[in-house]
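2 protein chains.
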Amino acid sequence: MPVYKAPLRDMKFLLNEVFDYPAHYASLACGEQATPDIVEAILNECARFCEEVLSPLYQPGDREGCRLDNGEVTTPRGFRDAYRQYVQGGWQGLSAPEAYGGQGLPASMGLFKQEMMGTANWPFSMYPGLSLGAMNTLYLHGDDAQKQIYLVPLTEGRWAGTMCLTEPQCGTDLGQVKTRAEPQADGSYRLTGTKMFISSGDHDLTENIIHIVLARLPDAPKGTKGISLFIVPKYLPDGQGAVGERNAVSCGSLEEKMGIKASATCVMNFDGATGFLIGPPNQGLECMFTFMNTARIGTAIQGVGPAELSYQWALAYARERRSMRALSGKKEPDQVADAIIHHADVRRMLLTQKAIAEGGRAMLYYAARLADHMVEGHTQGDADKVAKYDDKLGFLTPILKGFLTELGQEAAHLGMQVFGGHGYIREHGMEQIVRDTRIATLYEGTTGIQALDLLGRKVLLMTRGGAVREFTLKIANFARKQLTDPRLRPFALELLKLSGQWNLLTLRILLGARKDRDLVGAAAHDFLMYSGYVTMAYLWLRQATVAADRLDRGGDESEGFYRAKLATAEFYFERLLPRAQSHATSMLSPTRTLMQLAPEHMAFTD
Amino acid sequence: MPVYKAPLRDMKFLLNEVFDYPAHYASLACGEQATPDIVEAILNECARFCEEVLSPLYQPGDREGCRLDNGEVTTPRGFRDAYRQYVQGGWQGLSAPEAYGGQGLPASMGLFKQEMMGTANWPFSMYPGLSLGAMNTLYLHGDDAQKQIYLVPLTEGRWAGTMCLTEPQCGTDLGQVKTRAEPQADGSYRLTGTKMFISSGDHDLTENIIHIVLARLPDAPKGTKGISLFIVPKYLPDGQGAVGERNAVSCGSLEEKMGIKASATCVMNFDGATGFLIGPPNQGLECMFTFMNTARIGTAIQGVGPAELSYQWALAYARERRSMRALSGKKEPDQVADAIIHHADVRRMLLTQKAIAEGGRAMLYYAARLADHMVEGHTQGDADKVAKYDDKLGFLTPILKGFLTELGQEAAHLGMQVFGGHGYIREHGMEQIVRDTRIATLYEGTTGIQALDLLGRKVLLMTRGGAVREFTLKIANFARKQLTDPRLRPFALELLKLSGQWNLLTLRILLGARKDRDLVGAAAHDFLMYSGYVTMAYLWLRQATVAADRLDRGGDESEGFYRAKLATAEFYFERLLPRAQSHATSMLSPTRTLMQLAPEHMAFTD
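Those protein sequences? They're chains A and B, same order as listed. Heads up, the final residue of the first sequence is numbered 606 in the working numbering, and it's a clean run with no missing numbers. Heads up, the final residue of the second sequence is numbered 606 in the working numbering, and it's a clean run with no missing numbers.
In short, the hints are calculated from the structure, not lab data. A few of these clues could be false.
A pair counts as met if it fits within one copy or between any two copies, since identical chains are not told apart.
Taking lysine-lysine and the DSSO-like style, the derived pairs with C-alpha atoms no more than 27 Å apart in a straight line are [claimed, not checked]:
#, residue 1, residue 2
1, K5, K515
2, K330, K222
3, K331, K178
4, K147, K225
5, K474, K385
6, K385, K147
7, K331, K222
8, K497, K222
9, K225, K330
10, K474, K497
11, K178, K225
12, K331, K497
13, K515, K147
14, K330, K178
15, K388, K474
16, K5, K474
17, K330, K515
Just chain A, with the same shape it has in the complex (with noise of 0.2 Å):
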């Protein structure tokens, strides 16, 4: 059974040598324990626990999946203990705030925890991720007796939380929620309706689980605007920081999926359960959303983690797997035949997977600085600090949500390829990888709504194509700096001229949606997938800066990695950036392709 061995040499480089994270954290409130050893130690351990206890559960998981019996359901063999391992850890509360238990430490951590977590056993990844999105929920819109209840023994881990938004009728849509809250005379409420796709909706590795709900109260107005957040538990709190009463909140069946086995997916009955509002009444896709860019940015991980998982497989398949001899002659004459991996097209695929999961993380660690900052306006209370980096975080969360969740699906493809019929056979666990991955350009928006979001709202609506300009500019002025230097020259070329394309395709689309509105759904998915290839770009281009940089000044023992990655953004710019040209060409292609055909003239059958 192949194994997860967490790329710490690849994330120290991140972390240390290309965005110094050690400055970044000192420069924080919260950043003070986040000493360089803290950092190391404590990633050291998470790879440990993630190599050790998730990574062997991966594969059983799949295979025994979860199961219901009388309402309750049962997580795979191994999960619960695993979890205790990590509950024991304080592994849920290592970047949530000390006030509520937790051990108060750079949002930035727990995206890396997160990254090594959801690469060894994505599924499992989930439980805790899912409460993660309740904790910042309660902690940005719940009153100080909510978090003291709530806050707390999720911050531990000995409860669970998850989001109830999705419906039958709606998930994107969320104003068609049809889920009631009647008011009662304590100031409770009771909640009437059916969940859908509830992640993690009954699980048996806490002794609570807090589900946020949205639903109407029954003078809401109709649509987004009459929508409110409530606070439903499985068991209701006894006041006495313990478990009491059951709830009418049930599991009323499980999701048959295509992967993400071990994930309960959950169908959720509320039968007049009890629940209390949070955040102020009819505004709850507000609050819902409030941090929505960062429970992106944790999806956008599984475009990195897939690539990653499937890369170091498909590596280990490809040096021992013997077929045909290279094009350039015998490698190994003493073999039978040569190893695949020398051959240029396996090699085309692992390094299709490598510059993925390399530049796709790269991407992840410099949103990462950007949410720390956010995170510390809130601590702060510091209403322009969170705007400003709110609106940074914004224009790249689609782009990190949308494009790598593609490239991530990509990658796991080309994975399965390597092996040959052997991939698509389940013990090889390549085609489960593709399988759960298949989820991420669905759930948590998919690629069109985040499309939608990146080119309609955050370029154009909000800001008339000014976060074009100003992340262009960013891109630009590095790039220039590093002209001199013919290893990085043409790279550096290429994304000057990149950039003001990106300009340019903005200000088109700008115009030419004056006269015709459906422009921006027409460019919108190739406007995303061509601004991911080239902020991907821009990341390649910093880390082959650093690595061109330590291999000038010599004598270090990594010198293969530094060439490895000079290598790689040679690769990704030669090989993987020209896509963007076709997104160009097809997103400036008249609306008329796409919107003259009357939809009963779409098929017909005779």
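Model the placement of chain B on the given structure of chain A, informed by the hints.
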């Protein structure tokens, strides 16, 4: 449960309007029976069988899968009855020679049948599909006695066949085959060895199974020149046309796969099994490859089928599911929200599926005419004709198989994506299409192997670019004629440009490969995909040309159909064809980008 509706309108458009099959059949010796009325009746009857019998078994077959008990494989419920109807309908012998009990119709009709069967229920269609491979091999290389004994019951469908090539240590690299064949005093052989990934290796559909097996004679030279071909029946024929003694070949286990679960993929153990040599000793691989091109066109169907099926289901869903409002204003003001078919990005996905399904089908129908001529050459013993059409088909086959199966996967993924989160749930069937389709780029030669076959063998080695020159000349001549029609002119101009570019790219690789032998492998994948996009563009122009002409004539009740053809052609040229340019750029990038990194520098764990 979604159902399959055979796209008869589109099939008849290609048959009668684009490729003039009536005239083509009239020109064939075996085409006498294939009058337009007969062809239409056969297609309609096949459509009925696929829609009513095969399609309802598609999802249940996936759920139930195959079972192995005491060495005997049981197919899912309903498969036996469906197969009985298939045999009764005489479908297996549709294109088989009358001399052996077939109907003697043109080979192309077999492909049209296979497309419908494969779209309605790919896993089911593999059982008779594999038999066709065995039948073709026997027809071309068996002696008269072998043909009488085996070919007749195979043609009737009473018996089934398999192709036993792959072994645990080798798939592509068949020179590594180890299975041994010991000659016996009676002229038979005893075969010993293990074969894996044997589709239809055992099942309960027929009274006998005829394995065509690659094995080595005791004195055989090493490598590919020491492999011979054998018939190994599950039950030895009794000489009276019935089955006799059980042979020492058995299914050791069933592979647990990502998809095509209703198709039995067997490990086959040959324990001194009785076999009979077919064709000359040590020339087994050549015999095996004779019909490789037609077999691979059969697999290319698995690119078109899933695109069609996934499109049908996604289209139905997109018309029903309501979410948000169209950007250009409400389309269904009386409804709670607009159907998602009104969103540009959903249309992008649907039209991509449609363009792939219909463009791919046109590529199949185009190649099927060539297959008819090649088969006629075999029937007439006309080696020149065989060689001529084998060359033409040999060039197109890797493009069809490699390119269409890659695009079929994209189409299947987009169908899931249209369903949003619901696409991930098993009951909707969309994820099954993705899982079933995933095998298509792996078996019958991976995409990488198709790419090497195309660029390395067919284009460079065998014709020094001549194959591209010949095909692009045809394209350019056709395109030039369409320049006067303003609706077709932009497409024609683009195709003319691409025809020139395709030759130029070929020439640059031809010259470059003299100095750098890795260039062929490094460029192959991009060359294949580029070739596919240009070929599909040619077939879209051919369809658009007919549609424009029909619209000019006017008064046709199919006006909507022809307008949809033009609109889909426009979509293809504007939104999908630009990808060819990113492949053109990537394929000429230096081989260094793929080859420079030492295998041991591909990953650094710490």
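Taking the hints in turn, this is what the structure says about them:
no., hint, in the structure
1, K5 - K515, "neither (53 Å within a copy, 40 Å between copies)"
2, K330 - K222, "between (71 Å within a copy, 17 Å between copies)"
3, K331 - K178, "between (65 Å within a copy, 23 Å between copies)"
4, K147 - K225, "within (25 Å within a copy, 76 Å between copies)"
5, K474 - K385, "within (19 Å within a copy, 64 Å between copies)"
6, K385 - K147, "within (24 Å within a copy, 82 Å between copies)"
7, K331 - K222, "between (69 Å within a copy, 19 Å between copies)"
8, K497 - K222, "neither (47 Å within a copy, 55 Å between copies)"
9, K225 - K330, "between (68 Å within a copy, 19 Å between copies)"
10, K474 - K497, "within (14 Å within a copy, 38 Å between copies)"
11, K178 - K225, "within (13 Å within a copy, 71 Å between copies)"
12, K331 - K497, "neither (40 Å within a copy, 40 Å between copies)"
13, K515 - K147, "neither (49 Å within a copy, 70 Å between copies)"
14, K330 - K178, "between (67 Å within a copy, 22 Å between copies)"
15, K388 - K474, "within (16 Å within a copy, 59 Å between copies)"
16, K5 - K474, "neither (34 Å within a copy, 53 Å between copies)"
17, K330 - K515, "between (61 Å within a copy, 17 Å between copies)"
Violation of the numbered hints given earlier is confined to hints 1, 8, 12, 13 and 16; the remaining hints are satisfied by the structure.
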